[in-house]
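Same order as they appear, the protein sequences are chains A and B. Everything in the first sequence is counted per the working numbering, starting at 370 for the first residue and increasing by one. Everything in the second sequence is counted per the working numbering, starting at 35 for the first residue and increasing by one.
Please keep in mind that the hints were generated in silico from the structure rather than gathered at the bench. These numbers were taken from a predicted model, which means no experiment stands behind them. The C-beta atom is built at its ideal place from N, Cα and C for all residues, glycine as well. It is possible that part of the hints are untrue.
[Said to hold, decoys possible] Pair ranges (Cβ atoms, derived):
| # | chain 1 | residue 1 | chain 2 | residue 2 | range |
| --- | --- | --- | --- | --- | --- |
| 1 | B | E176 | A | G399 | 19 to 29 Å |
| 2 | B | P89 | A | P438 | 44 to 54 Å |
| 3 | B | R37 | A | A401 | 38 to 48 Å |
| 4 | B | R137 | A | E392 | 46 to 56 Å |
| 5 | B | E176 | A | A444 | 33 to 43 Å |
| 6 | A | E385 | B | V68 | 23 to 33 Å |
| 7 | B | R106 | A | E385 | 43 to 53 Å |
[Unchecked claim] Some residues of chain A that are not near chain B, with every Cβ distance over 12 Å (derived):
| # | residue |
| --- | --- |
| 8 | R384 |
| 9 | A401 |
| 10 | W409 |
| 11 | P438 |
| 12 | F451 |
| 13 | T455 |
| 14 | G457 |
[What the hints assert, rightly or not] Covered stretches of chain A (chain B as the covering partner; in silico rule of three or more C-beta atoms under 8 Å from a C-beta of chain B):
| # | segment |
| --- | --- |
| 15 | 373 to 383 |
| 16 | 425 to 433 |
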Amino acid sequence: MSARSLHLLYFAWLRERVGRSEETLDLPEGVATVASLTEWLRGRGDGFAAAFAPGVPVRCAVNQEFAGPDTPIAAGDEVAFFPPVTGG
Amino acid sequence: MARVRVQTEAFDLGGEFAALTAGRTDIGGVGCFVGTVRDSADGRPITAMTLEHYPGMTERAMAAIAAQAESRWDLLGCTLMHRIGELHPGAPIVLVLAAAAHRQAALDATEFLIDWLKTRAPFWKKERFADGTEKWVAARTEDDQAAARWAG
């Protein structure tokens with residue numbers, strides 16, 4: 370993993386829709402927040418467009434802490450996307 | 035002080051109680067909640083439930099929830115255990131124990147811990163029905179409302 374890379378994780382139905390549980394990629398140009406990363410992911414193709422479609426309830430964690438749309442993202446971060454939690 | 039564990043195997047309720055209270059004479063009560071797999075969902079029989087989680091974040095989230103309980107009540111110890119993997123109806127999923135000098139703190143903290151665990155720890159349930167179909171469980175508004183009672 371290089372200094373410019375992001376580690377992305379996907380869980381539950383989100384993992385199934387995007388067809389992978391994790392990936393490492395270079396920080397995309399113009400991505401600085403959870404919202405801009407979500408927008409970038411949406412543009413990647415069918416599974417991603419469906420998983421990150423507006424109105425679909427997707428939650429996010431940055432470096433294992435719950436995050437909101439405005440949470441900053443930088444190279445080296447671990448960013449996870451998942452449905453609202455249903456444990457207990 | 036809190037004991038937090040994520041595991042596939044069943045937990046030993048008696049053993050956990052004993053571990054929490056061993057050598058302690060200052061504890062006046064221990065609150066306990068055990069969540070178990072129900073055999074139906076929305077009126078449909080289920081045959082199994084699979085629990086997925088986010089390794090690393092799960093343990094951090096559970097420790098943060100326990101720390102929050104310890105800051106709100108004078109607890110003398112608490113235990114949070116959550117199972118993952120495939121579970122069948124009747125099986126225990128989650129264990130919460132909270133020990134305090136007096137029962138109200140023990141009971142309130144137990145309720146708080148399970149309410150927050152359900153809404154703030156990264157676990158997801160998938161149900162398998164008798165006809166072989168599977169469905170991810172949707173988050174319940176009632177759980178959010180229960181957790182919101184403890185806001186502030």
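Quick rundown of the hints versus the structure:
1. Taking the beta carbon of each, B:E176 and A:G399 are about 40 Å apart, not inside 19 to 29 Å as hinted.
2. Between B:P89 and A:P438, the C-beta spacing of about 25 Å breaks the proposed range 44 to 54 Å.
3. A beta carbon spacing of about 39 Å between B:R37 and A:A401 agrees with the range 38 to 48 Å that was offered as a hint.
4. For B:R137 and A:E392, the hinted distance range of 46 to 56 Å is satisfied, since their beta carbons lie about 50 Å from each other.
5. Between B:E176 and A:A444 the Cβ separation comes to about 40 Å, which falls inside the hinted range of 33 to 43 Å.
6. Between A:E385 and B:V68 the Cβ separation comes to about 30 Å, which falls inside the hinted range of 23 to 33 Å.
7. Against the hinted window of 43 to 53 Å, the Cβ-Cβ separation of B:R106 and A:E385 comes to about 37 Å, which falls outside the hint.
8. Not every Cβ of chain B is farther than 12 Å from the Cβ of A:R384; the closest lies at roughly 8 Å, contradicting the non-interface assignment.
9. Consistency note on A:A401: stated as away from chain B, and its beta-carbon is indeed over 12 Å from all of that chain's, at 22 Å minimum.
10. Look at A:W409: its CB is around 22 Å from the nearest CB on chain B, clear of 12 Å, so calling it non-interface holds up.
11. With a minimum CB-CB distance of about 18 Å to chain B, A:P438 clears the 12 Å threshold, and the non-interface call stands.
12. Chain B draws A:F451 into its interface by the beta-carbon criterion, the shortest separation being 6 Å against a cut-off of 12 Å.
13. At roughly 4 Å, the least C-beta separation between A:T455 and chain B is not larger than 12 Å, which violates its mark as non-interface.
14. For A:G457, the shortest C-beta to C-beta distance to chain B comes to about 3 Å, within the 12 Å cut-off, and the non-interface label is violated.
15. For the segment 373 to 383 of chain A, the assignment as covered by chain B holds, since 4 residues bring a beta-carbon within under 8 Å of that chain's beta-carbons and 3 suffice.
16. For the segment 425 to 433 of chain A, the stated coverage by chain B is satisfied: 3 residues place a CB nearer than 8 Å to a CB of that chain, which reaches the threshold of 3.
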